[in-house]
Amino acid sequence: MSRLGTLGARLYRGDVGYDFVGKRKIWYAVSILITITAIVGLAVRGLNMGIEFSGGAVFTTPNTSVSTSEIRHTAEQAADDHTVVVQELGRGGLRIQISEMGTKEALPVQEALAKKLDVSSNKIDTQLVGPSWGEQIASKAWQGLAIFMVLVVIYLAIAFEWRMAVAALIALIHDITITVGIYALVGFEVTPGTVIGLLTILGYSLYDTVVVFDGLKEASKDLTKQNRFTYSEVANRSLNSTLVRSINTTVVALLPVGALLFIGGGLLGAGMLNDISLSLFVGLAAGAYSSIFIATPLVADLKERDPRMKALAKRVRAKRAAAAKAEATGDRSAEEGDDGPDLEDAAAAPAGLVGQRRQPASRNRGRGRPSGKRR
Amino acid sequence: MAAPKKGRRSPGSQGRPGRALAVILIAIVALTGGMFISGHTTPRLGIDLAGGTSFTLEAKNQPGKPNAINTDNMNTAVSIIERRVNGLGVTESEVQTQGDKHIIVNIPKGMNAKQARQQVGTTAQLYFRPVTTTTASGGKTPEPTPTPTPTASGKGDKGKQGEKSGQPSGSPSASASTQGRAVPGALKADKTPTPGSSETPKGGQTKKPSAPDNQNDLAKDFAALDCTTKKGRAAAAEKAANAKPSDSIIACGQKGDAKYVLGPSKVEGTDVDDASSVFESQNASGWIVQLDFNNKGAKKFADVTGELAAKQDPQNRFAITLDGEVVSAPSVDTAITGGRATISGGFTQQSSEDLANVLSYGALPLSFDIADETTVSAALGGEQLQAGLIAGAIGMALVVLYLVIYYRGLALVAMASLGVSAILTYTIMVLLGPGIGFALNLPAVCGAIVAIGITADSFIVYFERIRDEIREGRSLRPAVERGWPRARRTILVSDFVSFLAAAVLYIVTVGKVQGFAFTLGLTTLLDVAVVFLFTKPLMSILARRPFFGNGHRWSGLDPERLGAKPPLRRRRSAAPADTKEA
Chain A
1 MSRLGTLGAR LYRGDVGYDF VGKRKIWYAV SILITITAIV GLAVRGLNMG
51 IEFSGGAVFT TPNTSVSTSE IRHTAEQAAD DHTVVVQELG RGGLRIQISE
101 MGTKEALPVQ EALAKKLDVS SNKIDTQLVG PSWGEQIASK AWQGLAIFMV
151 LVVIYLAIAF EWRMAVAALI ALIHDITITV GIYALVGFEV TPGTVIGLLT
201 ILGYSLYDTV VVFDGLKEAS KDLTKQNRFT YSEVANRSLN STLVRSINTT
251 VVALLPVGAL LFIGGGLLGA GMLNDISLSL FVGLAAGAYS SIFIATPLVA
301 DLKERDPRMK ALAKRVRAKR AAAAKAEATG DRSAEEGDDG PDLEDAAAAP
351 AGLVGQRRQP ASRNRGRGRP SGKRR
Chain B
376 MAAPKKGRRS PGSQGRPGRA LAVILIAIVA LTGGMFISGH TTPRLGIDLA
426 GGTSFTLEAK NQPGKPNAIN TDNMNTAVSI IERRVNGLGV TESEVQTQGD
476 KHIIVNIPKG MNAKQARQQV GTTAQLYFRP VTTTTASGGK TPEPTPTPTP
526 TASGKGDKGK QGEKSGQPSG SPSASASTQG RAVPGALKAD KTPTPGSSET
576 PKGGQTKKPS APDNQNDLAK DFAALDCTTK KGRAAAAEKA ANAKPSDSII
626 ACGQKGDAKY VLGPSKVEGT DVDDASSVFE SQNASGWIVQ LDFNNKGAKK
676 FADVTGELAA KQDPQNRFAI TLDGEVVSAP SVDTAITGGR ATISGGFTQQ
726 SSEDLANVLS YGALPLSFDI ADETTVSAAL GGEQLQAGLI AGAIGMALVV
776 LYLVIYYRGL ALVAMASLGV SAILTYTIMV LLGPGIGFAL NLPAVCGAIV
826 AIGITADSFI VYFERIRDEI REGRSLRPAV ERGWPRARRT ILVSDFVSFL
876 AAAVLYIVTV GKVQGFAFTL GLTTLLDVAV VFLFTKPLMS ILARRPFFGN
926 GHRWSGLDPE RLGAKPPLRR RRSAAPADTK EA
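Residue numbers (this note's numbering), protein chains in the order written: chain A, 1 to 375; chain B, 376 to 957.
Calculated directly from the structure, the hints in this document are not laboratory data. Since the model is a prediction, treat every value here as computed from it, not as a measurement.
So the derived list for chain A, only partly shown, Cβ under 8 Å to chain B, looks like this:
hint: 1; residue: T126
hint: 2; residue: F148
hint: 3; residue: L202
hint: 4; residue: V211
hint: 5; residue: V252
hint: 6; residue: A253
Straight-line Cα separation of at most 30 Å, DSS-like style, residue types lysine-lysine; simulated pairs:
hint: 7; chain 1: B; residue 1: K606; chain 2: A; residue 2: K123
hint: 8; chain 1: A; residue 1: K140; chain 2: B; residue 2: K614
hint: 9; chain 1: A; residue 1: K25; chain 2: A; residue 2: K217
hint: 10; chain 1: A; residue 1: K221; chain 2: A; residue 2: K314
hint: 11; chain 1: B; residue 1: K619; chain 2: B; residue 2: K606
hint: 12; chain 1: B; residue 1: K630; chain 2: A; residue 2: K123
hint: 13; chain 1: A; residue 1: K115; chain 2: B; residue 2: K606
hint: 14; chain 1: A; residue 1: K115; chain 2: B; residue 2: K630
hint: 15; chain 1: A; residue 1: K140; chain 2: B; residue 2: K476
hint: 16; chain 1: B; residue 1: K641; chain 2: B; residue 2: K435
hint: 17; chain 1: B; residue 1: K606; chain 2: A; residue 2: K116
hint: 18; chain 1: B; residue 1: K435; chain 2: A; residue 2: K140
hint: 19; chain 1: A; residue 1: K116; chain 2: B; residue 2: K630
Backbone N, C-alpha and C define an ideal beta-carbon position, used for all residues, glycine too.
This is chain B alone, in the form it adopts within the complex:
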């Protein structure tokens, strides 16, 4: 690294320190000017300093789709998530891929984290599947149950027992009774709606058992399925979501109040043209989501509803599954034509709007886990920023103090250089905000503070070199010039190693580590620039001043104090100067 520059610089450097200083001055003026012109005078702050929510989504491997995680799908997912989040009225959110299978979503403060999580994490894979079997609240009814599925138990009755009741699978007997009671009411509720479109208030879901038709596995799984706990539901949803649309699946109702065996998907979410949230006052179903199908979807939907209408309950129902959970499972009386369907099921205004929003922008091509979610209130963010700044100030002050004690007058040079370094770092960070979307986060602040040490070290290397030269009996001006090539090489070599570390970190790592690596790399580069263009020329100029040149004892370069053993002549010339000024 050092080698190429060596020849060019060392001979002339003594003669043109002014030019180098001018270069750096122009750079500072240009950067500062650019900063004001761009209208940003503070760096863009990351979520952890400004407040907000940050999600890291990790694409999940899906069985049967080995190559699903690819750049195309990731980019599609990013744009869909972006639209969804912005659909909530957030404008400054930022969604970007990170590495091969992560997506980072940053949402500034002021947005409801819960809502954001829903929007971001929902795959929104929507399927309409015919219901084969279902148990409502209790477990099985005694009567029909021709087929095994003995245990199916299930869930507590929605209204009555809620989650507490129905212990998982098992206990058929207990559940039987519950169910008997629940069914009639439930059926009624079901049927009432559904003239044109079908809808079931969630409550109405309580379906009747009847469970013929079981492929053994499915039946066994179904029996074991426990929808009463969140964990059980989550597991079931995940499994169902990963199943192929053409497979039969078992699924839970969203509230855990029913479970289903569902046939292959007949209509998919991709057939949905548009979705909107509507308040339905007519039959008291409250907020519903209205779906408009495209032509293909409308036809398929008409076909399937026609087919289902001819069947008996529960097989005349279709389940609307979203990400593996049954949102509602209305029954069908007649074929529904016209390409419109509604989903009902105990929505609130917000949840219906959210679902409509998600459905309008389509399903994500991949399903994602939330790998990391961080919510930082503006208060904490401010506190962390403040703490970082205080730490930086204290660190800087300690370094300066140490330098003053040890290097005395030379510390002025070090301080000025640190100052220049700080100004450059700050302005570049500010400009990189709008430029490449750089956001200053806590690790980046950390990196900048750590960099104080690296920057200051370059001065130490150089100063020690100069002192060594003085110890060998040189006067300051030649010492400054002779010490430089050797110091320069050391600085370049060590900064290169430091930069290498930062670059590898930046390229290889994910998340917050990158912010840190970026700052570290940036400051290392600036360190080289500052030492070459500022510190060295400044030393050359100062060496001509009597204060330093004659080795005043506060200059930090007093040959006597440094223990120089110069030829006698030189020593004599230094001594008088010393006494004079002292």
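Isolated chain A (complex conformation):
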């Protein structure tokens, strides 16, 4: 704790900080690159849709000594033309997946398998899916996605402001694109479980973004009443001060999902648990990244276009120019820690940060302010 806790304190006070907002172009570029890769992957490779979407059958057998190839042979024979995929599960059973097969055609296959394995057909778990069901789930999911996005944008626009709503929405789309792209590139199978995971990311990614925005909203209150920091600088500082929380949130969210993924993948081999947790894992990671590197810088970008913020930025620049001039003339202001403005980096101006937070450390504030007024 101590190290992280101290780091947290330094981040909080602005002793250290990473200039997320200032270097936003880099991160935008990274994100655009990832997004393009994702879209290209999607276009070129497409998604590997599970049988729930294409229609087909999955049989899960109990522990058996029959080999995969034998089973494949049996299944292929029974299922004439269909593609058969046989997979060994961690617990010794087999998973036989036959795609694009009608629900009626699947029965003889089940019987053939049961005969081959010498178990009653009741012991074989089956899932038969008609192709329309997957479409149904998918179209409902899109519908849910659209409704959710509209509601969230409205809500965020009311609770915060429209710029934040827009930024959050972009971050959200960004997360989903990345997740879908990774699915396309790696070739993970898309199942209803994946869709569930993806839809959950919606909530979670926003959850994270909202917490960051909440801090930002608070930090930028009364911003126009001062002329020491621009909106971007305040945004960056607020981002840094909630960084520890963001990291903790992500870690704490990823831990159970990771456990699910581990158990789902390791113990059961495949199935719902695995599918949900995989897409959640990917999406959560993308969500944490976007709420820090994309959402807040975007807000800052949008905000800087606001005339009032433009005016503020102008005032700040003017003041800093004056301060720099004063410094150049050998004023003693440097020792007051007022060299920050030159760096255009809020992190270098701890005193200012503290003031923003209404910290009662009045001595610091007192020290900071004269230098500002001394223009």
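With chain A fixed as given, assemble chain B onto it according to the hints.
Leaving out everything else, chain B in the frame of chain A:
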């Protein structure tokens, strides 16, 4: 969200943490008590955890009936399916609509999935149609065939060639010979039964061709009809089932051993009063299904059989079609009065019982496709449940471990809060089982595990706030109170978004997604309750303890370790305490 509560709570909250704790304690006791009183101490498990079979049926659009899929028809279908399934002796099955055009049927373990599928998926639209043309096994006979329908081929002879023979339509020549042989025997078989009622053992179906009377289309379709493959039969059945009762249709025999051109329906399944399965030993027809018509049906049936009896084979026969397939097509010698008919055709005891069951409860107003069928053995269900629980335990342990490492003493608060959250979630899930039929399925377990993160995050938000306050130089008690309003707003806003996602998911989606959304929404609400009524009051109380209040270095609130830059005075007071306890 936060705004309305703000004014009321923040001033007094410091003074009455005990009251809030009492509220949550009472809630826990009440829920736990309710759980034991209700007699359920474990949540109801879904099919995927307990084992069983689950079907999702999708209503099909039927040509000519654009508005057939409506609430009334769906509800009728649900009650019919329910009766059918329960007619099999299953008691805990559950049938419910989902969305506009889906019906979910959950049948607990111990039931034969195949039988269930039949019961559930059969529309049971029963028609008695006069036979216009039929080809039995082979294809056409050379002789009569006045009319075109040249190719009709058909099917392999039932007994002899089975499915392998008769390649689809085409090859008239080959089939001709087969047929010649098959016919005589077949005819005999046909005629033997049918004194009062008519029946044809399936085998006897082999009919004679003779195929006059073809409207061109029908004839062409008939010629092309291939009943030898399952696919061909399924396609034909679907088409026939969707045709209007007043149209002529072409249809396959159920076993693929004959095909028919059938006239408009004369008597319908709705005219059947009751159906029962009977073992008929007299003429060795084995299991048959006996139909009792209502008055109207009896009269119609008498009329039509009277008419048919005067005709020549095959036009003296009527076909009993069930969902577009010909179950049997007996010939009629005399008018059958008395309002009773039988269907025969190679039934086993079970298949005759199933058919009788289906017919007694009537036809579904809609036809359904099985969109999804999942059978989970009890073994796999148990395994999945176990895996889910293990994953939950590991996830919880990892979160706790992380919290302990990072927040030290504060982790106790987090753990207690998580514990309270878990108890509330569990008891509510148990009570919702009998209450609203909530069944815990795998996605729901997943949702609960994911929720650990969301719940724990609320504590993190609050703890970080408190730490921020301490970093600004406050001592713990004011920090706990001052940090709260801001943390509260963040928690509410973010939980609201999370809840919104869950609610939209729940309302919009179908199937398993709903279970997930439900748990997520429930745990999000509980999270708010726990943070407000438990975590915060607990913090207020603990802040008075010297261990936390003085910022012991294991408390997770040690100002020095947090890098607080407090006024000198305060720092001094903290330092001695630190050394003392260390």
